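**Student:** For reference, the chains in residue letters:
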Amino acid sequence: MVLKAFFPTCCVSVDSGLLVGRWVPEHSSAVVLAVLHFPFIPIQVKQLLAQVRQASQVGVAVLGTWCHCRQEPEESLGRFLEGLGAVFPHEPWLQLRRERGGTFWSCEVTHRQAPAAPSVPGEDQVMLIFYDQRQVLLSQLHPPTVLPDRQAGATPASTGGLAAVFDTVARSEVLFRSDRFDEGPVRLSHWQSEGVEASILAELARRASGPVCLLLASLLSLVSAVGACRVFRLWPLSFLGSKLSTCEQLRHRLEHLTLIFSTRKAENSAQLMRKANTVASVLLDVALGLTLLSWLHGRSRIGHLADALVPVADHVAEELQHLLQWLMGAPAGLKMNRALDQVLGRFFLYHIHLWISYIHLMSPFVEHILWHVGLSACLGLTVALSLLSDIIALLTFHIYCFYVYGARLYCLKIHGLSSLWRLFRGKKWNVLRQRVDSCSYDLDQLFIGTLLFTILLFLLPTTALYYLVFTLLRLLVVAVQGLIHLLVDLINSLPLYSLGLRLCRPYRLAAGVKFRVLQHEAGRPLRLLMQINPLPYSRVMHTYRLPSCGCHPKDSWGALCRKLFFGELIYPWRQRGDKQD
Amino acid sequence: MVTRLPEAGLEPARRLGLAIAVKRGAVRCGRPSGGVMEDERSFSDICGGRLALQRRYYSPSCREFCLSCPRLSLRSLTAVTCTVWLAAYGLFTLCENSMILSAAIFITLLGLLGYLHFVKIDQETLLIIDSLGIQMTSSYASGKESTTFIEMGKVKDIVINEAIYMQKVIYYLCILLKDPVEPHRISQVVPVFQPQVTLEVMGDREDRQQVFGVPYGQAETQAR
Numbered sequence: 001m002v003l004k005a006f007f008p009t010c011c012v013s014v015d016s017g018l019l020v021g022r023w024v025p026e027h028s029s030a031v032v033l034a035v036l037h038f039p040f041i042p043i044q045v046k047q048l049l050a051q052v053r054q055a056s057q058v059g060v061a062v063l064g065t066w067c068h069c070r071q072e073p074e075e076s077l078g079r080f081l082e083g084l085g086a087v088f089p090h091e092p093w094l095q096l097r098r099e100r101g102g103t104f105w106s107c108e109v110t111h112r113q114a115p116a117a118p119s120v121p122g123e124d125q126v127m128l129i130f131y132d133q134r135q136v137l138l139s140q141l142h143p144p145t146v147l148p149d150r151q152a153g154a155t156p157a158s159t160g161g162l163a164a165v166f167d168t169v170a171r172s173e174v175l176f177r178s179d180r181f182d183e184g185p186v187r188l189s190h191w192q193s194e195g196v197e198a199s200i201l202a203e204l205a206r207r208a209s210g211p212v213c214l215l216l217a218s219l220l221s222l223v224s225a226v227g228a229c230r231v232f233r234l235w236p237l238s239f240l241g242s243k244l245s246t247c248e249q250l251r252h253r254l255e256h257l258t259l260i261f262s263t264r265k266a267e268n269s270a271q272l273m274r275k276a277n278t279v280a281s282v283l284l285d286v287a288l289g290l291t292l293l294s295w296l297h298g299r300s301r302i303g304h305l306a307d308a309l310v311p312v313a314d315h316v317a318e319e320l321q322h323l324l325q326w327l328m329g330a331p332a333g334l335k336m337n338r339a340l341d342q343v344l345g346r347f348f349l350y351h352i353h354l355w356i357s358y359i360h361l362m363s364p365f366v367e368h369i370l371w372h373v374g375l376s377a378c379l380g381l382t383v384a385l386s387l388l389s390d391i392i393a394l395l396t397f398h399i400y401c402f403y404v405y406g407a408r409l410y411c412l413k414i415h416g417l418s419s420l421w422r423l424f425r426g427k428k429w430n431v432l433r434q435r436v437d438s439c440s441y442d443l444d445q446l447f448i449g450t451l452l453f454t455i456l457l458f459l460l461p462t463t464a465l466y467y468l469v470f471t472l473l474r475l476l477v478v479a480v481q482g483l484i485h486l487l488v489d490l491i492n493s494l495p496l497y498s499l500g501l502r503l504c505r506p507y508r509l510a511a512g513v514k515f516r517v518l519q520h521e522a523g524r525p526l527r528l529l530m531q532i533n534p535l536p537y538s539r540v541m542h543t544y545r546l547p548s549c550g551c552h553p554k555d556s557w558g559a560l561c562r563k564l565f566f567g568e569l570i571y572p573w574r575q576r577g578d579k580q581d
Numbered sequence: 582m583v584t585r586l587p588e589a590g591l592e593p594a595r596r597l598g599l600a601i602a603v604k605r606g607a608v609r610c611g612r613p614s615g616g617v618m619e620d621e622r623s624f625s626d627i628c629g630g631r632l633a634l635q636r637r638y639y640s641p642s643c644r645e646f647c648l649s650c651p652r653l654s655l656r657s658l659t660a661v662t663c664t665v666w667l668a669a670y671g672l673f674t675l676c677e678n679s680m681i682l683s684a685a686i687f688i689t690l691l692g693l694l695g696y697l698h699f700v701k702i703d704q705e706t707l708l709i710i711d712s713l714g715i716q717m718t719s720s721y722a723s724g725k726e727s728t729t730f731i732e733m734g735k736v737k738d739i740v741i742n743e744a745i746y747m748q749k750v751i752y753y754l755c756i757l758l759k760d761p762v763e764p765h766r767i768s769q770v771v772p773v774f775q776p777q778v779t780l781e782v783m784g785d786r787e788d789r790q791q792v793f794g795v796p797y798g799q800a801e802t803q804a805r
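Protein chains in written order, with the numbering used here: chain U, 1 to 581; chain W, 582 to 805.
Quick caveat, the hints were computed from the structure, so don't treat them as lab data. What you are looking at is a predicted structure, and each value in this text was computed from that prediction instead of being measured. Using N, Cα and C, we set each Cβ at its ideal position, and we do this for glycine too. Do not take every clue at face value.
Coverage of chain W stretches by chain U, computed from C-beta distances (three or more under 8 Å per stretch; other residues unrestricted) [claimed, not checked]:
{"hint": "1", "stretch": "642 to 648"}
{"hint": "2", "stretch": "705 to 715"}
{"hint": "3", "stretch": "723 to 730"}
The task is simple: from the sequences and hints, build the whole structure.
**Tutor:** Quick look at the structure:
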């Protein structure tokens, strides 16, 4: 196998010294982490490497020598460098050389022992791969490869060579902690040797986050304890709590806040990203909510809204009345059964009359209610939208009632018709065997059955028309509510932090790597530049999207159409833990 | 999609190095330049456009194949633009709303930009680095480059797959990836180069095998 030497780009023009890094024998790759400069005392170097090995669980060792000199190295230097191979025994021993100001490199590999099975006779091929140490350290490969073996130097052979390189650099952070201003026994060159990267704000935030998180976590636990108390388990409140989407959204947000302010540290990067995405989502929500609040409360818009609300509700009720009058006449030229028509029409008209009276009763309080609802926008735009969805549901409650009456009547009719149709043909439904069996009926059974069948059949158009009209109205309301829920879902689950990271620091989220072949000369080792290939936006969304409320329609389109045809009631959203009707 | 493939005997990288051997046809500039061996051949794709294949040998362990696809033809661009604008003008005479004309201009511009940025591939490059992996780069007409790198440990085999595309049989090179759970199964088939831009080489099966230098997938399949 070709020997691959991974060399950091920050060490390309440093002075001569020793190469410190890790050798991965399964992939025949040498990952150079830093360059140790002359002068040094070998004992101290070995002590430092032992410390680093223990702290980071990475098998760091001296891999070879690095020579960056003005002209061809003298004989004595060459012998000195070879002698170092005896002080720091490593198999194989690399000797990298570069002329000061030149572009081409040379590399020699010395094997101390003869290889057990000579694989390729002839010269050992070496490939130099340059990598940006800072980017490789900070980046996260997707899909993340789990390396279960954390012993020094042990890597399962099934993981790719590149995952091993990324893992090595990421775990050797302790090696990069000293910079050239430190008065240590050895002088290292790596990406942080010009000065360790740190930020005062980040440090202050880290110090302050401890007590703040503790305080907020205790407050939130108090709130959840109040919410979980027994009063809310009793029937009216628990029923309301499960039906209103506002309560669901508040519960969801409370979960998010508990996650953010929990005092437990995130164990791996996926949990950290989730926390960060949750924080970004909550901040966006609150920011949008406050914008909405300032817009609503400015220039007395709430007053205008409240003044407009009752006439709108009146107008809707009037339109419904016109619709019912139309149905009671000859709708679309169809001839209805007059008696049934009148009964159904009058029943629904009375219902609307009750509804209008109720709205007029509520009209003095509407402005106050709206004002307090507007205040809730400071909890977040999602809460305000959920409240809007609930208000729409409450205001169109009569449409829901009409739909339920129409659907039940139609459903009864359809079941009756199918059963009597079977009787008409001389069959019946065998409940035990769950199939249709033939059956011999008496003459009077057949007579009455056929009579009832005829009655139901000729009353079918009227019922079907009422059912159709009210189902369409109900579906319209459901569609409006669905759009609002979609928007709420979008705000809830958008991973803003990950998207921002992909935009501003694309090397942090890596889908893989890409190579570029650098200028090549015959006889010299091949040089490649390894760059991070960032994750595409679609995969960022897919990997890091936050879990949403879970209120998704459970029926497919086919099942929905079937339910509509047979008059079964449709519940577009099932909240978590609802029992099936 | 592919079934019953033969077992690979040779190392995939070395085998692909024999691929597209010089058999017949024009060979241009086969001289070394600065230590890199280069040569170029021209082909035609299944729609009749001209393709150029350029091979570069950097070192015994690193080879690059560059396929340049036919450029955007002025004729088709003019035809599409004229159609869209004539349709918009027709609608304008019906509706007397000048917004339609502005909308048509916007649609044409955005459509052209989108086509150049997301659809039209100018050049495809295949870089094979021994014992490291295979890298495929597509550069689009707007300058965007999208790169995929497959590690050598994941590559099971490189074969030519026969597929039936409408009324003809086309041959395309594809990489078979190993299943991470079960090493004997194939998890994914990755076509190298766009399927539309497939080299159409005339001749019989043995000829084609000699040209490409790799064995066939034994099952013939329907193109998607």
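**Student:** With reference to the structure, classify each hint as holding or not holding.
**Tutor:** Against the structure, the hints come out as follows:
Only residues whose C-beta sits within less than 8 Å of a C-beta in chain U count toward coverage, and the stretch 642 to 648 of chain W has 3 of them, enough to reach three; the restraint holds. Residues of the stretch 705 to 715 of chain W lying with their CB closer than 8 Å to a CB of chain U number 5, which satisfies the three-residue condition for coverage. Requiring three or more residues with a Cβ within less than 8 Å of a Cβ of chain U, the coverage given for the stretch 723 to 730 of chain W holds, as 3 such residues are present.
Of the numbered hints stated above, none is contradicted by the structure.
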